[in-house]
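Work the whole structure out from these sequences, hints included.
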Amino acid sequence: MDLDPKLFPDPDSVLHPRGHECIRRCRASLVEQLQAGVSITALQKLWQESMRDLQSRELGEILPKIPKLYRETDPERMPNPQAYAAVLRWSSLIARTPHSYFGNHRGLICYGPTGSGKTRAIYDLLARETLVENADFYFCAISASELAGFVRDLALANPRRLARILRLLAGRETDEDFAREEDPDVKRFFGLSALFIDDLSQAKFTPRYAEELLAIIEARTADEKAVFVTCQTTGDRLLEKLAGDNPDLRETAEAIIRRLRDFCDPIGFTAPQAGGDAA
6 MDLDPKLFPD PDSVLHPRGH ECIRRCRASL VEQLQAGVSI TALQKLWQES
56 MRDLQSRELG EILPKIPKLY RETDPERMPN PQAYAAVLRW SSLIARTPHS
106 YFGNHRGLIC YGPTGSGKTR AIYDLLARET LVENADFYFC AISASELAGF
156 VRDLALANPR RLARILRLLA GRETDEDFAR EEDPDVKRFF GLSALFIDDL
206 SQAKFTPRYA EELLAIIEAR TADEKAVFVT CQTTGDRLLE KLAGDNPDLR
256 ETAEAIIRRL RDFCDPIGFT APQAGGDAA
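So in the working numbering, spot 249 of the sequence shown is number 254, and the numbers just go up one at a time.
Check before you lean on any hint, since a few could be wrong.
Said to hold, decoys possible - When the alpha-carbon atoms are kept at most 30 Å apart in a straight line, the in silico DSSO-like pairs for lysine-lysine are as follows: (1) Lys11 x Lys209; (2) Lys192 x Lys70; (3) Lys70 x Lys246; (4) Lys230 x Lys246; (5) Lys230 x Lys70; (6) Lys230 x Lys192; (7) Lys73 x Lys192; (8) Lys230 x Lys73; (9) Lys192 x Lys209; (10) Lys209 x Lys246; (11) Lys209 x Lys230; (12) Lys70 x Lys209; (13) Lys11 x Lys50.
To be verified - Simulated DEER-style distance windows between Cβ atoms: (14) Ala276 x Glu54: 43 to 53 Å; (15) Asp79 x Ser44: 14 to 24 Å; (16) Val191 x Leu68: 33 to 43 Å; (17) Thr211 x Ala276: 39 to 49 Å; (18) Ile45 x Glu216: 54 to 64 Å; (19) Glu216 x Asp267: 35 to 45 Å; (20) Asp15 x Ala47: 11 to 21 Å; (21) Leu20 x Glu216: 34 to 44 Å; (22) Ser44 x Glu151: 24 to 34 Å.
Read the hints as simulated data drawn from the structure, not as lab findings. Backbone N, C-alpha and C fix where the C-beta goes; we use that ideal spot for every residue, glycine too.
This is the structure:
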């Protein structure tokens, strides 16, 4: 038994492959309900509501937040298929349960050389969670360099705006934050189920940036809110990359690494082979 495509047409504007996965799942669910005796009229209403929600989430969450380079991923071309599969085993629904197979881990830290597929894997996971798995899943992706730039540029120019952004990234928003008129540049930081910090090891550490980054990670890990991180290296090499030879930054860098190690599952990516979907 199948659904008549004339009565249950695919939406025209769905662009992301994970959106098409959502459509397939929705069709399968409606077929089961049809076999159980639910009327065609009721199923058409469910289909229309589901497709409107899918298009809304794609337009509101996926297209503005995932760079065009990372919107389409061919699993067969991923340079690290095992690491990619390990990333996709993470689930926002499972991670919210107290006794998941991830233990107490509520995030991922993917490490490896440039072009090994770390960032692409995380973006595909975020798209799947948003479009397929969890209707209440909202994320923000920000590079470490962009975050460091916010701290550098706004610390003196607009400290109140900086404080607001940092609260939102930490998941510690207040009623006042929601009551304010929405700033389009700040809107993407609201109500985050997950925060993705890309290229952690690429931003230059300063005392203020290191302090704010630690505060964000400490707040999210304490509240068990998902954190995803990519970096090129881990352990002592990451410590040296972050703190350099500055002893004043070393303690903060050690605390950041310790928090991530305790909170996130590490997944290693190896150097890419020719012909894969790198990045």
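Cross-check of the supplied hints:
no.: 1; hint: Lys11 x Lys209; verdict: violated (56 Å)
no.: 2; hint: Lys192 x Lys70; verdict: holds (11 Å)
no.: 3; hint: Lys70 x Lys246; verdict: holds (28 Å)
no.: 4; hint: Lys230 x Lys246; verdict: holds (26 Å)
no.: 5; hint: Lys230 x Lys70; verdict: holds (19 Å)
no.: 6; hint: Lys230 x Lys192; verdict: holds (19 Å)
no.: 7; hint: Lys73 x Lys192; verdict: holds (20 Å)
no.: 8; hint: Lys230 x Lys73; verdict: holds (26 Å)
no.: 9; hint: Lys192 x Lys209; verdict: holds (26 Å)
no.: 10; hint: Lys209 x Lys246; verdict: holds (9 Å)
no.: 11; hint: Lys209 x Lys230; verdict: holds (25 Å)
no.: 12; hint: Lys70 x Lys209; verdict: holds (24 Å)
no.: 13; hint: Lys11 x Lys50; verdict: holds (14 Å)
no.: 14; hint: Ala276 x Glu54: 43 to 53 Å; verdict: holds (46 Å)
no.: 15; hint: Asp79 x Ser44: 14 to 24 Å; verdict: violated (39 Å)
no.: 16; hint: Val191 x Leu68: 33 to 43 Å; verdict: violated (19 Å)
no.: 17; hint: Thr211 x Ala276: 39 to 49 Å; verdict: violated (31 Å)
no.: 18; hint: Ile45 x Glu216: 54 to 64 Å; verdict: holds (60 Å)
no.: 19; hint: Glu216 x Asp267: 35 to 45 Å; verdict: violated (19 Å)
no.: 20; hint: Asp15 x Ala47: 11 to 21 Å; verdict: holds (20 Å)
no.: 21; hint: Leu20 x Glu216: 34 to 44 Å; verdict: holds (40 Å)
no.: 22; hint: Ser44 x Glu151: 24 to 34 Å; verdict: violated (50 Å)
Hint violations for this structure: numbers 1, 15, 16, 17, 19, 22, all remaining hints satisfied.
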